[in-house]
Amino acid sequence: MTANSAHLQDADIEFHGVSKHFGDVKAVDNVSLSVARGSFFSFLGPSGCGKTTSLRLIAGFEQPTHGDVYIGGEAMIGVPPHKRPVNMVFQSYALFPHMSVADNIGYGLRQRSSKPSKTELRKQIDESLEMVRMSGYGNRRVWEMSGGQQQRVALARALINRPTVLLLDEPLAALDRKLRRDMQIELQTLQRDVGITFILVTHDQEEALSMSSNICIMRDGRIEQSGSPRELYDQPINRYVADFVGKTNFVAGSVTQINGQTVCMKTGNGRSFFGMKTAGSPELDVGARVSLAIRPELTVVGSKASNAEDLNTDTAFQGKIRNQIFLGEHTEYLIDVEEIGDVLVLSPKSIESASGGFDPGEYVTIGWKNDQAHVLKDS
Amino acid sequence: MVMRVYSFVVYLFLYVPIGIIVLFSFNSGRHASEFVGLSSKWYGKALSNPFMMDALTSSLIIAFSAATLSSIMGTTAALALQRMRGPVRVIFDGLIYISIMIPGIVIGIATLVALVTVFDILNPVLAAIWPDDNRPPKLSLGYISVIAAHTLFTMSLVIVLVRARITGMDRTLIEASQDLYATPWQTFCQITLPQISPAILAGFLLSFTFSFDDFIISFFVAGANTTLPIYIFSSIRRGITPEVNAIGTMVLVVSLTLLIIAQVLLRSRENKSSRDN
Ligand SMILES: Nc1ncnc2c1ncn2[C@@H]1O[C@H](COP(=O)(O)OP(=O)(O)O)[C@@H](O)[C@H]1O
Ligand SMILES: [Mg+2]
Numbered sequence: 012m013t014a015n016s017a018h019l020q021d022a023d024i025e026f027h028g029v030s031k032h033f034g035d036v037k038a039v040d041n042v043s044l045s046v047a048r049g050s051f052f053s054f055l056g057p058s059g060c061g062k063t064t065s066l067r068l069i070a071g072f073e074q075p076t077h078g079d080v081y082i083g084g085e086a087m088i089g090v091p092p093h094k095r096p097v098n099m100v101f102q103s104y105a106l107f108p109h110m111s112v113a114d115n116i117g118y119g120l121r122q123r124s125s126k127p128s129k130t131e132l133r134k135q136i137d138e139s140l141e142m143v144r145m146s147g148y149g150n151r152r153v154w155e156m157s158g159g160q161q162q163r164v165a166l167a168r169a170l171i172n173r174p175t176v177l178l179l180d181e182p183l184a185a186l187d188r189k190l191r192r193d194m195q196i197e198l199q200t201l202q203r204d205v206g207i208t209f210i211l212v213t214h215d216q217e218e219a220l221s222m223s224s225n226i227c228i229m230r231d232g233r234i235e236q237s238g239s240p241r242e243l244y245d246q247p248i249n250r251y252v253a254d255f256v257g258k259t260n261f262v263a264g265s266v267t268q269i270n271g272q273t274v275c276m277k278t279g280n281g282r283s284f285f286g287m288k289t290a291g292s293p294e295l296d297v298g299a300r301v302s303l304a305i306r307p308e309l310t311v312v313g314s315k316a317s318n319a320e321d322l323n324t325d326t327a328f329q330g331k332i333r334n335q336i337f338l339g340e341h342t343e344y345l346i347d348v349e350e351i352g353d354v355l356v357l358s359p360k361s362i363e364s365a366s367g368g369f370d371p372g373e374y375v376t377i378g379w380k381n382d383q384a385h386v387l388k389d390s
Numbered sequence: 570m571v572m573r574v575y576s577f578v579v580y581l582f583l584y585v586p587i588g589i590i591v592l593f594s595f596n597s598g599r600h601a602s603e604f605v606g607l608s609s610k611w612y613g614k615a616l617s618n619p620f621m622m623d624a625l626t627s628s629l630i631i632a633f634s635a636a637t638l639s640s641i642m643g644t645t646a647a648l649a650l651q652r653m654r655g656p657v658r659v660i661f662d663g664l665i666y667i668s669i670m671i672p673g674i675v676i677g678i679a680t681l682v683a684l685v686t687v688f689d690i691l692n693p694v695l696a697a698i699w700p701d702d703n704r705p706p707k708l709s710l711g712y713i714s715v716i717a718a719h720t721l722f723t724m725s726l727v728i729v730l731v732r733a734r735i736t737g738m739d740r741t742l743i744e745a746s747q748d749l750y751a752t753p754w755q756t757f758c759q760i761t762l763p764q765i766s767p768a769i770l771a772g773f774l775l776s777f778t779f780s781f782d783d784f785i786i787s788f789f790v791a792g793a794n795t796t797l798p799i800y801i802f803s804s805i806r807r808g809i810t811p812e813v814n815a816i817g818t819m820v821l822v823v824s825l826t827l828l829i830i831a832q833v834l835l836r837s838r839e840n841k842s843s844r845d846n
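Just so you know, the protein sequences line up as chains A and B, in that order. If you're matching positions, the first sequence starts at 12 in the numbering used here and goes up one per residue. If you're matching positions, the second sequence starts at 570 in the numbering used here and goes up one per residue.
Chain A extracted, bound-state conformation (with noise of 0.2 Å):
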């Protein structure tokens, strides 16, 4: 995160103050980080916020509008695609569909001045095909393949030339359901074994934060926040961070009073609020428009005639069961909450089998600690 403090020494890719303008879109705008070594980064965003754009800047299918890219602390101001040390994953896999899978995946040593010998390069694509569980398919042609198995040829095409970085587009977005969790699983295992530096793009926020040691939140070019999993669910920045990375209940409303990290804040119906303000959040003045933020793991639920006591909570609120899903160890209700609006909350089993459980249309009270509420800028 210091990515102003110049080549730090353990950091694969840099990014110095970089814009990509396409006419008058600003595709990625003034965007400076830094990915450690070894980490499995994510850009994530919603579609059109620069992901794909930021990482083919690395890949150098891209030059800078400003600023300048680094990788292993050399600028890359143009230097072409083929001499950049990274390889890329597509969206589309990009497979050769003229050559077989074996000659695919052997493509980028063949390409080399100094290339491996037949015997060699057989016994590197054997290792690669077995590295994706692919083994004896490497005669196969690349249109046979499952999407799954397309995909993982891309992979091993990508890795066999131990790359400094793995940059991967949406590697997952065209897989049904089943595969991406086993293929998540997968690359993330892949990653820890070959420690390499992956870079993945993703919007699905599941994705990064399942995977990803380091995530970076995009918006319309530019980071909204980045950091560990951990930090950007725990103490998002403002509100669009906090709707992204997880589920949260949201109440609207502006800043009455602030006193030190407690934020106060008032609702159009006039009802008062108290949260916390985040770790790195932008000041927050008397006036502004802000959310109160809680996560519905944070929300306790109780029975009607239960007050704030009982709950063991900073407040109490009365409500009626709209829904229930049962999920195992949790049991997610939906609720509404006539001051509020439905409230998501998401009960232990510990304490759901102490209470016996809610059903649809069930009065309740729910509850949360003023500090375990959040109070976030709305943009």
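No lab work stands behind these hints: they were computed from the structure. It cannot be assumed that every hint is accurate.
Which stretches of chain A does chain B cover? Using the computed rule of at least three CB atoms under 8 Å from a CB of chain B, they are [to be verified]:
| id | segment |
| --- | --- |
| 1 | 96-107 |
| 2 | 119-127 |
Pulled from the structure, derived: some chain A residues nowhere near chain B, Cβ distances all over 10 Å [claimed, not checked]:
| id | residue |
| --- | --- |
| 3 | H93 |
| 4 | A169 |
| 5 | D193 |
| 6 | P240 |
| 7 | A299 |
| 8 | R300 |
| 9 | V348 |
| 10 | E350 |
Quick partial rundown of chain A residues pointing at chain B, CB under 8 Å, derived from the structure [stated by the list, open to error]:
| id | residue |
| --- | --- |
| 11 | P57 |
| 12 | F72 |
| 13 | P92 |
Beta carbons: idealized from backbone N, C-alpha and C, even for Gly.
Given the coordinates of chain A, work out where chain B with the ligands should sit on it, guided by the hints.
Relative to chain A, chain B with the ligands alone:
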């Protein structure tokens, strides 16, 4: 019903004359008007006719050279056009489509005039700067001018075919190749060329057929040389013989074969790329 009869009549008009030529090429009689019996003797006659064989050889050489040149030049032009942006590309694309539609006779006259003018300018220059005392070479109409004219005309065909193929090609394949350390030249040889080669080959075959069958342009610029269509034309003036029918049938078979191969090449490519997606 009326439409059906109508289209049947149209097809009849189109194909009956061709059918008659093919049929009468197997006529054992010597007159084109009555069918006496089946025989392949006119094919033997045609193939042992030295004038006809000379004309055939010229046509083959010309068609092969023109097709080769236009494939190479057309492909490079298509690749260059692909890199162009904006209005320049639109203008060039337009010019290429127009040049396909220009009637052969216009190309014939234009090429003839252009060549003769150039020869008139170049020949004295050549004579003046020729170092030897020997006769300087004198540029004149002949094989080369036919090849040049055919190349000119068929190049646009190749450009259009190759352009279509390049446009349909997945650009990320090129990027993937670059990403895997291939230099631009390596990428061209290993990715771009294999991807567009069916279109180039199809362009070659179409150009070959066009050049091989062309009468109008050749007639203008061939000078004293004779190509197969010119030979057929001049022998018809002495009456239609079964031999001419035999030659015509052979030309027909060769042309159709090449055209069908070209079609198959273009098709198979489309199918495969759609399956890849
Ligand atoms: N080659 C290009 N030409 C013009 N605009 C582009 C180009 N590539 C991307 N953009 C624009 O830049 C923005 C960011 O695109 P992209 O990086 O692909 O977003 P993401 O991958 O996050 O969906 C979009 O508005 C997109 O339209
Ligand atoms: Mg993208």
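Quick rundown of the hints versus the structure:
no.	hint	verdict
1	96-107	holds (count 8)
2	119-127	holds (count 3)
3	H93	violated (5 Å)
4	A169	violated (8 Å)
5	D193	holds (24 Å)
6	P240	holds (28 Å)
7	A299	holds (45 Å)
8	R300	holds (43 Å)
9	V348	holds (49 Å)
10	E350	holds (52 Å)
11	P57	violated (22 Å)
12	F72	holds (6 Å)
13	P92	holds (4 Å)
Of the numbered hints stated above, those contradicted by the structure are hints 3, 4, 11, listed in ascending order.
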